[in-house]
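Chemist: In the order they appear, the protein sequences are chains A and B.
Every letter in the first sequence is one number past the one before it in our numbering, and letter 24, counting from 1, is 17.
Every letter in the second sequence is one number past the one before it in our numbering, and letter 105, counting from 1, is 91.
Just to be clear, a hint being listed does not mean it is correct.
[Unchecked claim] A few chain B residues that face chain A, going by a derived Cβ cut-off under 7 Å, partial list only: (1) F(-4); (2) G(-2); (3) V13; (4) F21; (5) F22; (6) A24; (7) G46; (8) S47; (9) V49; (10) S52; (11) S54.
No wet-lab data here; the hints were simulated from the structure.
In this text, a Cβ means the ideal position worked out from N, Cα and C, and glycines have one as well.
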Amino acid sequence: MSKRLFVKGNEAVAMAAIEAGCRYYFGYPITPQSDIPEYLSRELPRLGGEFIQAESEIASINMLLGASATGVRAMTSSSSPGISLKQEGISYMAGSELPGVIVNISRSGPGLGGIDASQADYFQAVKGGGHGGYHIIVLAPSSVQEMYDLTLLAFDLADIYRMPAMILADSVVGQMKEALVPHGRPDTLLPAKDWVVRGKGDGEQRVVKSLYLGDGELEAHNWKLHAKYRELKEKEERWEEFETEDAELVIAAFGSTARIAKTAIMMAREAGLKVGLLRPITLFPFPERAFAALTQRCKRILDVELNTGQMIEDVRLSIARDADVFFYGRPPGAGSLPTPEELLEQIRKYC
Amino acid sequence: MRHDVFISGFGGQGVLLAGNLLSYAAVIEGKNVSFFPAYGVEKRGGAAMCTVVIADGEVGSPVIGSPSVSIVLNQASLDKYGSRVRPGGVCIINTSLVDTAGFDREDIEIIRLPMNDIAMQLGDARMVNMVAVGAYVAKTGAVSPASLTEALKDALPERNHRFIPANVKAIEAGAEQVNNQKA
């Protein structure tokens, strides 16, 4: 068994990227994710990889696009304002069916906002932040171990579905330290990359592009992308349930907020309140079926987010009219992090 | 078993090292632990704080509104966070730098220790954080003294390992003060 390490969430992401075989990183510094490039700038050159601090976020996402087009595993990371700058490149990657991992250790906005933890990038992440009606895979870790595990998963899912995958976290999960047991890549069967760019010199020329001008070409391409999103929904929804069996109220929360909610739930249980947690791990595909199944027996959902209400829309869509959905959230910023005690007060309102 | 502690002071007092040390000791003991530093634009001389949660089961929230134990290393921390200690909890205060005259909470246990003076007697005021950790562990038993000693190797960079014996003495001095007050 590996030794239990004690590391920051951001470091766990970087360690997992290396374990996943990622040898190319392109990024531009921004708080609170700079531990990721710091770690990789130290480790990648030793492994024969490349670390490039690009001139901008836009340059780094396009470097990721280029690297992925050659078939290698590559990554970029940033925080909210930087992720906004990358959206054009992410749309091009989605259109070009390119894998690649993008990490968003999000901070509060809009605009430059502040450096504090935030979940206000949910819409941008799961609804296709750039133009053209695409989706990317979005994974939301809530512990240091999960930062590691889900980064490994992100690389695999990106390769399997040929689309970008994002790790969406915040400074709570990124900056906190917890025990981590590193482990090898899962033994996942990956499709051959028979699509990587190739010139005419080595046989058939292969082009990676997102431009489709022929009659009907683009429609067919979009239906193909859409089919992948449907397949993701069928096969890759992931979530965690905590104390939901007999729950009369279930909190829906992801990432850092789910962690805070867990302690609130433990406190509520001690007080005899029947409360549970449903934590989406994949934000796209959103675990619709979990919510649909849960609300067959539990009729009250309290959605908690570190924003003014975004995931709640997907919760509502998932359960139709099967349950009442309440909301508690705060716009992010300094001093805005809710505490377990605060969430317990909210739980009491609906129990 | 579940322990949460909020440690605060100003940058340079070793608040984050104290939290890291406790966390490493918990990792050594096979426990679950989260260390959450206040993350802001602070630097030396500014405010520094961290929350450590140690549990046999799930840690849950890495942030706590009303900690069961609060370690207060400077006046600003007491003024700002003293009222947050959970009723029935413990507040360990560095009276070398903190005036507790206006702090009259009868619903918690207050442990007053002149931590800077104790550290200075041992040769270096910078060990104030180790005195605090020693007092905390003696009070709560969150981790064992042996694990703390072991954890110093993980928490301190290699070049500072020569200071481990001095730090162990400071931890022991903090623990002794608490044990004497108990007796």
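Chemist: Should the hint that F(-4) of chain B touches chain A count as held when the rule is a Cβ pair under 7 Å?
Modeler: Since chain A brings no Cβ nearer than about 18 Å to F(-4) of chain B, farther than 7 Å, the hint is violated.
Chemist: Should the hint that S52 of chain B touches chain A count as held when the rule is a Cβ pair under 7 Å?
Modeler: Check passed: Cβ of S52 of chain B comes within 6 Å of chain A, closer than 7 Å.
Chemist: Please check whether S54 of chain B passes as an interface residue: C-beta within 7 Å of a C-beta belonging to chain A.
Modeler: 12 Å, violated
Chemist: Was the hint right that F21 of chain B lines chain A, CB cutoff 7 Å?
Modeler: 4 Å, holds
Chemist: Take the shortest C-beta to C-beta distance between S47 of chain B and chain A; is it under 7 Å?
Modeler: Holds: closest Cβ of chain A sits about 4 Å from S47 of chain B, inside 7 Å.
Chemist: Under 7 Å is the threshold here; is the Cβ of G46 of chain B close enough to any Cβ of chain A for the hint to stand?
Modeler: 4 Å, holds
Chemist: Given G(-2) of chain B as an interface hint, is the shortest Cβ-Cβ distance to chain A below 7 Å?
Modeler: With Cβ-Cβ at 20 Å, over 7 Å, it is violated.
Chemist: Given V49 of chain B was flagged as interface, is its beta-carbon under 7 Å from a beta-carbon of chain A?
Modeler: Status holds, d = 6 Å.
Chemist: Min Cβ distance, V13 of chain B to chain A: is it shorter than 7 Å?
Modeler: 5 Å, holds
Chemist: A24 of chain B was flagged as interface toward chain A. Is the shortest Cβ-Cβ separation under 7 Å?
Modeler: 9 Å, violated
Chemist: Against chain A, is F22 of chain B within 7 Å by beta-carbon distance?
Modeler: 4 Å, holds
Of the numbered hints given earlier, the model fails hints 1, 2, 6 and 11; all others are met.
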